[in-house]
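Chain residues, written in single-letter form:
Number of protein chains: 2
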Amino acid sequence: MNITIIGLGLIGSSMAIDLKARNFAQKIIGVDNNPIHCDAALQLGIIDKTAELNEGIYQADLVILATPVDVSLKLLPTVLNQADQQIVADVCSTKSNLNERVRYHQNRENFVSTHPMAGTEQSGPRAAFSGLFDGRASIITDAEESSEKALKTIKTMYECLNMRIIYMNAYNHDVHTAYVSHISHISSMALALTVLEKEQNEKNILDLASGGFDSTVRLAKSPASMWTPIFMQNAGNVTAVLDTYIEHLQAFKKAMQEQKSESITGLINQSNKIKRVLSR
Amino acid sequence: MNITIIGLGLIGSSMAIDLKARNFAQKIIGVDNNPIHCDAALQLGIIDKTAELNEGIYQADLVILATPVDVSLKLLPTVLNQADQQIVADVCSTKSNLNERVRYHQNRENFVSTHPMAGTEQSGPRAAFSGLFDGRASIITDAEESSEKALKTIKTMYECLNMRIIYMNAYNHDVHTAYVSHISHISSMALALTVLEKEQNEKNILDLASGGFDSTVRLAKSPASMWTPIFMQNAGNVTAVLDTYIEHLQAFKKAMQEQKSESITGLINQSNKIKRVLSR
Numbered sequence: 016m017n018i019t020i021i022g023l024g025l026i027g028s029s030m031a032i033d034l035k036a037r038n039f040a041q042k043i044i045g046v047d048n049n050p051i052h053c054d055a056a057l058q059l060g061i062i063d064k065t066a067e068l069n070e071g072i073y074q075a076d077l078v079i080l081a082t083p084v085d086v087s088l089k090l091l092p093t094v095l096n097q098a099d100q101q102i103v104a105d106v107c108s109t110k111s112n113l114n115e116r117v118r119y120h121q122n123r124e125n126f127v128s129t130h131p132m133a134g135t136e137q138s139g140p141r142a143a144f145s146g147l148f149d150g151r152a153s154i155i156t157d158a159e160e161s162s163e164k165a166l167k168t169i170k171t172m173y174e175c176l177n178m179r180i181i182y183m184n185a186y187n188h189d190v191h192t193a194y195v196s197h198i199s200h201i202s203s204m205a206l207a208l209t210v211l212e213k214e215q216n217e218k219n220i221l222d223l224a225s226g227g228f229d230s231t232v233r234l235a236k237s238p239a240s241m242w243t244p245i246f247m248q249n250a251g252n253v254t255a256v257l258d259t260y261i262e263h264l265q266a267f268k269k270a271m272q273e274q275k276s277e278s279i280t281g282l283i284n285q286s287n288k289i290k291r292v293l294s295r
Numbered sequence: 016m017n018i019t020i021i022g023l024g025l026i027g028s029s030m031a032i033d034l035k036a037r038n039f040a041q042k043i044i045g046v047d048n049n050p051i052h053c054d055a056a057l058q059l060g061i062i063d064k065t066a067e068l069n070e071g072i073y074q075a076d077l078v079i080l081a082t083p084v085d086v087s088l089k090l091l092p093t094v095l096n097q098a099d100q101q102i103v104a105d106v107c108s109t110k111s112n113l114n115e116r117v118r119y120h121q122n123r124e125n126f127v128s129t130h131p132m133a134g135t136e137q138s139g140p141r142a143a144f145s146g147l148f149d150g151r152a153s154i155i156t157d158a159e160e161s162s163e164k165a166l167k168t169i170k171t172m173y174e175c176l177n178m179r180i181i182y183m184n185a186y187n188h189d190v191h192t193a194y195v196s197h198i199s200h201i202s203s204m205a206l207a208l209t210v211l212e213k214e215q216n217e218k219n220i221l222d223l224a225s226g227g228f229d230s231t232v233r234l235a236k237s238p239a240s241m242w243t244p245i246f247m248q249n250a251g252n253v254t255a256v257l258d259t260y261i262e263h264l265q266a267f268k269k270a271m272q273e274q275k276s277e278s279i280t281g282l283i284n285q286s287n288k289i290k291r292v293l294s295r
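As given, the protein sequences belong to chains F and L, one line each in that order.
Per the numbering used here: the first sequence = residues 16 to 295.
Per the numbering used here: the second sequence = residues 16 to 295.
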């Protein structure tokens, strides 16, 4: 089938690479308003050709919307207007607003609302690679609003990317990703801000940064173009999780201030239970 | 030279491996009150023999104290009492209390107060490996209180471990490590607590955890036996950094609540500046 990918970032380009290599797609058409992304994706052989938006949709059997979540929110109704035959899937990290936006669209059943849970802190087509999605989870939200045909195609596509599919409504999706993804990013970014602020006065402080520090602040490299709209759209859930997170930080602070070693040990032992998740 | 390592954990055992392999040590004697550690270290060939504390010190040219910081605080005066000829170095993550404890000890000049900035979230001799210290920084604190001979030996030892040496007083060390190491651990542990708490009610939430989540909570695997005494001893600095960290988290929260995308973008762009540190 012919697939048009709108948005040639890390996710869109990495999907292109494996969907082509694994023969799910015969032809990949790229749409991106950034000519540098288009040129790079062509040059790297990630896409077969580029097209304008309307032409790209027209030529496709399947359209994948892989733009930042604010852009997708604007583009999706436009794409669906034209998609009376085409199947359309998005890959957005927030789902409630998006699904609400097209809930009563005449072509709603051609659309499948998905979120492949994979990525790195890098961005753009040059950061794309084969295997990004292998073994990870992809979420399909509000599946009952899509046609069987559309669902089956998207399910096959994610199976081709070696992903396990989880079904969930958009509301639950947004709560869960606030916990397992969005809060991690804010945690890293706030940590980077804390250390950078101190460093303004003490130049050599970051000479001492060790491997643990690196892994904890890695996500602070993530681009605002992607993350600002995610935090904006999922603000309610993310701020609720932030409150809980800050409470736990306060518990550490209180135990240290009061010099209660048993309390600190209790907190650490409890946090160690995350091992069973990380060792999977 | 003969080296006695007190504490056969990740750090002590990894030092043993490379100091022997790189011919800095002729013989490594291990001291550990945990017989499982002693057996494992012998079995893995990390040490040549085990000894009781006094015997181990007596037979050594150099004694490395590699126990958790609370144990080191208790043991160091005892070790120094016996070390009228031996050079003694510790590897503690907190320095002010320790240096204060032996400040007026008759053998103080035989002691070098150090902190090799390396480690993983694993522990024990079975987690030890060659190369752990290569390319990392080791801090020598309050160097003016050590003899030239002792300093020279320890400097040569860390050069043999391919570490770059940084000199700093104990106070500055404890401030800096609060920023580049201790806060990262609390950040991870509080994140683990936040997600685990939510998971009690929603069983499948951690199915969704992605690579970003893994790297951010990795340090929450770290053992309380090591970290409780660090947080206890460096409580003043760590709680001060925690306050700053929480302020930055609150800034994210406020910007999200007020739906100010420019503020969120400003925070993320500022945090992105950590790239220049991480890309080293």
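It should be emphasised that the hints constitute simulated quantities derived from the structure, not laboratory data.
All C-beta atoms, glycine included, are put in the ideal place defined by N, C-alpha and C.
Please note that a few of the clues may not be correct.
To be verified - PhoX-like mimics (lysine-lysine), calculated; alpha carbons at most 25 Å apart, straight line:
id, chain 1, residue 1, chain 2, residue 2
1, F, Lys288, F, Lys269
2, L, Lys290, F, Lys236
3, F, Lys89, L, Lys213
4, L, Lys236, F, Lys269
5, L, Lys213, F, Lys290
6, F, Lys213, L, Lys167
7, L, Lys290, F, Lys213
8, L, Lys236, F, Lys288
9, F, Lys213, L, Lys89
10, L, Lys269, F, Lys275
11, F, Lys236, L, Lys89
12, F, Lys236, L, Lys236
13, L, Lys170, F, Lys213
What the hints assert, rightly or not - Negatives, chain F to chain L, calculated, CB over 12 Å:
id, residue
14, Asn48
15, Cys53
16, Gln58
17, Leu68
18, Lys164
19, Thr168
20, Cys175
21, Arg179
22, Ser203
23, Gly227
24, Asp258
25, Glu262
Unchecked claim - Sample of chain L residues at the chain F side, in silico, Cβ under 8 Å:
id, residue
26, Phe39
27, Leu68
28, Leu90
29, Asp149
30, Arg151
31, Ser199
32, Met204
33, Thr209
34, Lys213
Cross-check of the supplied hints:
A C-alpha spacing of about 22 Å is found between lysine 288(F) and lysine 269(F), which places the hinted pair at or below 25 Å, so the restraint holds. A hinted pair counts as satisfied when its Cα atoms are at most 25 Å apart, and lysine 290(L) with lysine 236(F) qualifies at roughly 6 Å. Pair hint lysine 89(F) plus lysine 213(L) does not hold up; C-alpha atoms about 32 Å apart against a cutoff of 25 Å. Only pairs whose Cα atoms come within 25 Å are accepted, and lysine 236(L) paired with lysine 269(F) is accepted, the gap being roughly 21 Å.
With a CA separation close to 16 Å, the supplied pair lysine 213(L) and lysine 290(F) stays within the 25 Å bound. Restraint check for lysine 213(F) and lysine 167(L): the C-alpha separation of about 32 Å exceeds 25 Å, so the hint is violated. Between lysine 290(L) and lysine 213(F) the CA atoms are separated by roughly 16 Å; this keeps the pair inside 25 Å, and the hint holds. For the proposed pair lysine 236(L) and lysine 288(F), the alpha carbon gap of about 8 Å is at most 25 Å, so the pair holds.
The suggested pairing of lysine 213(F) with lysine 89(L) is violated, with an alpha-carbon distance near 32 Å, which exceeds 25 Å. For the given pair, lysine 269(L) sits about 32 Å from lysine 275(F) by alpha-carbon distance, which is inconsistent with the 25 Å threshold. Using a Cα cut-off of 25 Å, the hinted pair lysine 236(F) and lysine 89(L) is violated, with the two alpha carbons roughly 42 Å apart. At roughly 23 Å between alpha-carbon atoms, lysine 236(F) and lysine 236(L) fall within 25 Å of each other, so this suggested pair holds.
For the hint pairing lysine 170(L) with lysine 213(F), the CA-to-CA distance comes to about 29 Å; that exceeds 25 Å, so the pair is violated. The Cβ of asparagine 48(F) sits about 19 Å from the closest Cβ of chain L, beyond the 12 Å cut-off, so the non-interface label holds. Remark: the non-interface label on cysteine 53(F) is consistent with the geometry, its nearest Cβ contact in chain L lying 25 Å away (cut-off 12 Å). Distance to chain L confirms glutamine 58(F) as a non-interface residue, since its nearest Cβ pair spans about 24 Å, more than 12 Å.
Every C-beta of chain L lies more than 12 Å from that of leucine 68(F), the closest at about 24 Å, which supports listing it as non-interface. Its beta-carbon lying about 27 Å from the closest one in chain L, lysine 164(F) satisfies the requirement of being farther than 12 Å from that chain. Once the 12 Å rule is applied to beta carbons, threonine 168(F) is consistent with being away from chain L; the minimum gap is 23 Å. Distance check for cysteine 175(F) against chain L: the nearest CB is about 20 Å away, which clears 12 Å, and the non-interface claim stands.
Once the 12 Å rule is applied to beta carbons, arginine 179(F) is inconsistent with being away from chain L; the minimum gap is 8 Å. The claim that serine 203(F) lies off the interface is violated: its Cβ sits roughly 6 Å from the closest Cβ of chain L, which falls inside the 12 Å cut-off. Taking the minimum C-beta to C-beta distance to chain L, about 5 Å, the non-interface status of glycine 227(F) is violated against the 12 Å cut. Distance check on aspartate 258(F): its Cβ comes as close as 8 Å (rounded) to a Cβ of chain L, failing to clear the 12 Å threshold; non-interface status is violated.
The claim that glutamate 262(F) is not at the interface with chain L is violated, since a C-beta of that chain comes within 12 Å of its own (minimum 8 Å). Interface restraint check for phenylalanine 39(L): the shortest CB-CB distance to chain F comes to about 23 Å, outside 8 Å, so the restraint is violated. The interface hint given for leucine 68(L) is broken, as the beta carbon of that residue sits about 24 Å from the closest beta carbon of chain F, more than 8 Å. Because the smallest distance between the Cβ of leucine 90(L) and any Cβ of chain F comes to about 18 Å, over 8 Å, the interface hint for this residue is violated.
Annotation: aspartate 149(L) was flagged as interfacial toward chain F, and the flag is violated, the nearest CB pair being 12 Å apart, outside 8 Å. Proximity of arginine 151(L) to chain F holds as hinted, the smallest CB-CB distance being about 7 Å (cut-off 8 Å). For serine 199(L), the interface hint holds, since its Cβ comes within 8 Å of a Cβ in chain F; the closest pair sits about 4 Å apart. With a least beta-carbon distance of about 4 Å to chain F, the hint placing methionine 204(L) at the interface is held under the 8 Å criterion.
Proximity of threonine 209(L) to chain F holds as hinted, the smallest CB-CB distance being about 5 Å (cut-off 8 Å). With 8 Å as the threshold, the beta carbon of lysine 213(L) comes within range of chain F, its nearest partner Cβ sitting at about 5 Å, so the hint holds.
Hints 3, 6, 9, 10, 11, 13, 21, 22, 23, 24, 25, 26, 27, 28, 29 from the list above are not met by this structure, while the remaining hints are.
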